[in-house]
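My request is simple: use the sequences and hints to build the entire structure.
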Amino acid sequence: MTDRAQRPEDYATTYVIGAGVGGLVLAWELARRGRPVVVLEASDRAGGQLARQTVAGLDLDAAAESFATRGGTVATLVGELGLADDVVTPAETPAWLHRADGSSTPLPATSILGIPGVPMAADVIAAVGGGGAWRAQLDSLIPGLVAAKSTTLGELVRRRMGVGVLEGLVAPVVRGVHSMHPDELPIDRAAPGLIGAMRREGSLARAVQSLRERAPAGSQVAGLRGGVHRIVDALVAEIERFGGEVRTGVRVASIEPAQADAHVELPASAGLDARNPAEAGNSVITTEAGERFEGQVVLATPALLPAEARPESREITLVTLVVDAPGLDSAPRGTGVLVAADAPGVVARALTHATAKWAWLAEAGAASAPGRSRHVLRLSYDERPADPAAQALADASALTGVPLADPVGTAIATWSRASRAVHAVDGMHLVGEAGSGTGLAAVVAGAREQAGRLLGSSGDDSAPA
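Position 305, counted from 1, in the sequence shown is what the numbering used here calls 381; the numbers after and before it change by one each time, with no gaps.
Please keep in mind that the hints were generated in silico from the structure rather than gathered at the bench. Take these hints with a grain of salt, some might be off.
Said to hold, decoys possible - Derived CB-CB ranges, DEER-like:
hint: 1; residue 1: Ala167; residue 2: Ala198; range: 18 to 26 Å
hint: 2; residue 1: Ala160; residue 2: Leu214; range: 43 to 51 Å
hint: 3; residue 1: Gly319; residue 2: Ser179; range: 52 to 60 Å
As the structure is a computational prediction, the values presented were derived from the model and not from experiment. Heads up, the beta-carbon is just placed ideally off N, CA and C, and yes, glycines get one too.
Structure (structure tokens):
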């Protein structure tokens, strides 16, 4: 075992398996309260889906580029990491919708996840047509308790406002933001407080208006100057400052309960044996290199969950294009485009015009190529195209309405996202998307809650010195 595992401590070392944001946040919470903690990551870097990539000389986010401001979960973390002065908000220019008929129109100004607050507004009619808008207006005549027991966003919108708004507005937005159809998205995760507001206000549209009016001033999302991947570097530095370790390139081969005969093998395809999981107390970890560690184990990767408990996942491919295009200088599609699922001739589900969305990135692009109208576009795909770079260039030209020449830089990244959270697995501590759901705010909140439970179970929930 390592010296850290053998040194006398009041508490056993906690080994966090996986260095995604959930694992890093939990490790930091323990380390700054004096707990010995070691993070073991199989890949060659920490951060999971918060990653840096360099394209045409620009340091960019390779996955998530922003975080939800609702609840202040991530903003609080960013402040505690000393990055508050670098928090930035996106341009107020609205995003656009690329419709099923191939046309494009701005998204409704008063809406939540595409649900309109004013169904007969001109921008709603432009998006879903007069018939779809009239059907949505019937929401005002339906008693507020109708559909109040809906469990998914899709069920709620379908019953209150009809299929036109659901498929023409809400589905493209949810697909772009959450990588799923509204029928798969729980309401309490998508829009906390929406059902309560509907009961209170008497209609879904008035609920949207009410929540928008009560929301704090400012954007619903924020980013970091230089990219949100900076959170990872700050977390690793903080863990190490408090005496913790983050080790990359370490693959776990087995976990066995300490002082027990049973051995739990972890082949890559099988995960932990659910009939004999690692106990919530001390366990012995063996790596593929033959190292052995003993301590408390927290799983921060779904790969080591029992096969029957492992959440379904879906792959998402992000193609980043750096282009020189004067036609994009006016941001013809605002900060980006969300695409209807059956839109002809386009494979991407969303496009983000990153240099139109983030002023800091526009400045960096201009500085890297003076006078060249340099822009950064990000295109998301539910399935990896056969030729991602060529498909992204074609889709970007179609969605922006600007014929684009060959890019000066291209990056392609494919990520696996958990489709749902695993709320409990006997004998295991779990953080990350598999335990908390998708989205940086959910992952951070879940990791802090789990850290609180671990600290509380040992009688120490004090704040750091």
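Okay, the hints, checked on the actual structure:
1. Ala167 x Ala198: 18 to 26 Å: holds, 22 Å
2. Ala160 x Leu214: 43 to 51 Å: holds, 45 Å
3. Gly319 x Ser179: 52 to 60 Å: This hint holds: roughly 58 Å between Cβ atoms.
Figure legend: structure checked against the earlier numbered hints; every hint is met.
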